[in-house]
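Asks: Okay, here's what each chain looks like letter by letter:
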Amino acid sequence: MSDDKRLVGIVLVSHSAQVAESVAELAKGLAGGADTVPVAAAGGTEGGGLGTSSELISAAAASVDRGAGVAVLTDLGSAVLTVKALLAEGDELPDGTRLVDAPFVEGAVAAVVTSAAGADLDTVEAAAADAYSYRKV
Amino acid sequence: MLDADFFRRWMAATAASVDREAERLTALDSAIGDADHGSNLQRGFAAVAAALEKESPDTPGGVLALAGRQLISTVGGASGPLYGTLLRRTGKALGDAAEVSEAQLAEALGTGVEAVRTLGGASPGDKTMIDALVPAVEALGEGFGAARSAAEAGAEATVPLQARKGRASYLGERSIGHQDPGATSSALLIAALDEAASGS
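Protein chains in written order, with my numbering: chain A, 1 to 137; chain B, 138 to 337.
Chain B with its partners taken away, still in its complex shape (with noise of 0.2 Å):
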């Protein structure tokens, strides 16, 4: 079962993957974007982590709820009120139980998942976070290590992509070749999530 410290640990890692790789981010996003998307995560997630040291809250869905929260106050770009609706609605699906299943925690990603694609309206293969989001949930059911594999293989199939969505779909064909900084940084998220798994 996994309990508020797992969560915790989840938003941690994630904080630490991001401030690693924000410059990968930025980098990625200067292609095709506006070469914000690794400032504006570090920003987001720095916030988080902040956040949760301060009111600790005690259930999976309360963590999730807040980080979602503080992703949509601080980052200023789209992906706050992306990723903060997708742990949000993901917290929201996960109610006040003080221990999840890892089929619960696999049900309620990909309730925020759909919510993602609802609020944006991007499908798969529209070269977004979508992309690696949802072969992630899917392959959830075989184990984190699974789930991380399937997200960093589809950020990197968003390569040859031509990006339909966001700034970059401004781009038409210019936007291929380039990898999708959302999905990278979502595969980011999946593999901080593993990364909690095994307790490193």
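Bound-form chain A, shown alone (with noise of 0.2 Å):
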């Protein structure tokens, strides 16, 4: 890996802003200096409430595109539609920028660990839906 690998930029999409940036933090955190990963909340609405905001989501993908590709993680509800809608309109996110079907917490932190590596989006992907199997009890 060369030194000036480009980042996978990860985008955190919760119904609540607070819920967007603990994760954000909590991941990059057990990731261990992962301050060079791009990673962004969008979490609530626009106006603070509980909520999806496309325009908070198009802004956090733009923020953190680094050109090597974005991994959007979300919540649940209308975070999982609007994700998907904004996909489905071509020209609302950067390109190359993935819905990854994760656990939110879980796969923040090994999407986080992952691309501070300079893995790619396949693999980085892959790690954050890995997520789903490590069983608890």
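To be clear, the hints were calculated from the coordinates, so they are not data collected in a lab.
Since the structure is predicted, the reported quantities are computational estimates derived from the model, not experimental observations.
Please note that the accuracy of each hint is not assured.
[What the hints assert, rightly or not] Straight-line C-alpha distance at most 30 Å; calculated BS3-like pairs for lysine-lysine:
#, chain 1, residue 1, chain 2, residue 2
1, B, Lys191, B, Lys302
2, B, Lys229, A, Lys84
3, B, Lys229, B, Lys191
4, B, Lys191, A, Lys84
5, B, Lys229, A, Lys136
6, B, Lys191, A, Lys136
Both chains come to you apart, so use the hints to assemble them.
Replies: Here is the structure:
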């Protein structure tokens, strides 16, 4: 891996701004030295309420796009549907943006760790999705 | 033939109807959802009406594409991407024609409903907007009045169903006995189509 490796961007979409921002902080903290990974939170509505904002999602994705693709993780319901609708639109999100099917917290940690290691989008997606297989009991 | 004016009337009639029925939609949503359906759609269709006034697209497809985009960006709940996709895909299917026939609208609306099914993963009987939209599209060949009746009957028929999609599905059997808010607002959308057709 070259030093100037472009990193995969991570966008965390939650109904709650606090949840999205806290999970971003947690993932970066647990990844250790992952300050270089472009991570953006898109939580809640623009007015600060609970919900999903397509504008916040588009802005977050644009802000973390380094040309290596953007992995979007969501919580549930309208967060999932809004990202899918934006992807179907074609020009609302940077090229190489992908909705990643993963548990929100564990998937975010896995995505940030793999992105920090310089992995490509497929690898980041696989690592985040694999977090579904970590059973707790 | 149906021109851009007809589609603007449809959207304006939907905005007015959603505004009138917002409290009822929210009441239905407070029984089995998160009590925001009425206010979310009210905000969304108000934005649609404002955008159409400002930009006044001159084709049926253009009107619906703009309306769909507004809903996705302003609603903030699941109904935004769902209704947004419905209108946008219907608009896309209508293409650039300045006027479309009722048969073309019926076919395009079928494409839009199919896109909603793909997006949300819902099938008929899951207690969702699909339960009003699918019968409406099927009846549209017999006219707007028939589609309206079919949508209203479809919405009422969600009462005894158990929700299998969305937040209401977490309630399991407790979702039985309530009319689905999404199917109810879908019936309003189809009723507005009939209003636009009768010029009222």
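Asks: Hinted pair, alpha-carbon criterion (30 Å max): Lys191(B), Lys136(A). Please report holds or violated.
Replies: Not OK: Lys191(B) and Lys136(A) at ~54 Å, beyond 30 Å, violated.
Asks: Check whether the Cα positions of Lys229(B) and Lys191(B) lie no farther apart than 30 Å.
Replies: The given pair, whose Cα atoms are some 21 Å apart, holds under the 30 Å limit.
Asks: Does Lys302(B) sit within 30 Å of Lys191(B), going by the straight-line distance between their CA atoms?
Replies: Distance of about 36 Å is beyond 30 Å: violated.
Asks: Is Lys191(B) within 30 Å of Lys84(A), Cα to Cα?
Replies: 28 Å, holds
Asks: For the pair supplied as a hint, Lys229(B) and Lys84(A), confirm whether the alpha-carbon distance does not exceed 30 Å.
Replies: Cα-Cα ~17 Å, so holds.
Asks: Are the Cα atoms of Lys229(B) and Lys136(A) separated by 30 Å or less?
Replies: Violated, because 46 Å separates the two Cα atoms, which is more than 30 Å.
In this structure, the earlier hints numbered 1, 5 and 6 are contradicted, and the remaining ones agree with it.
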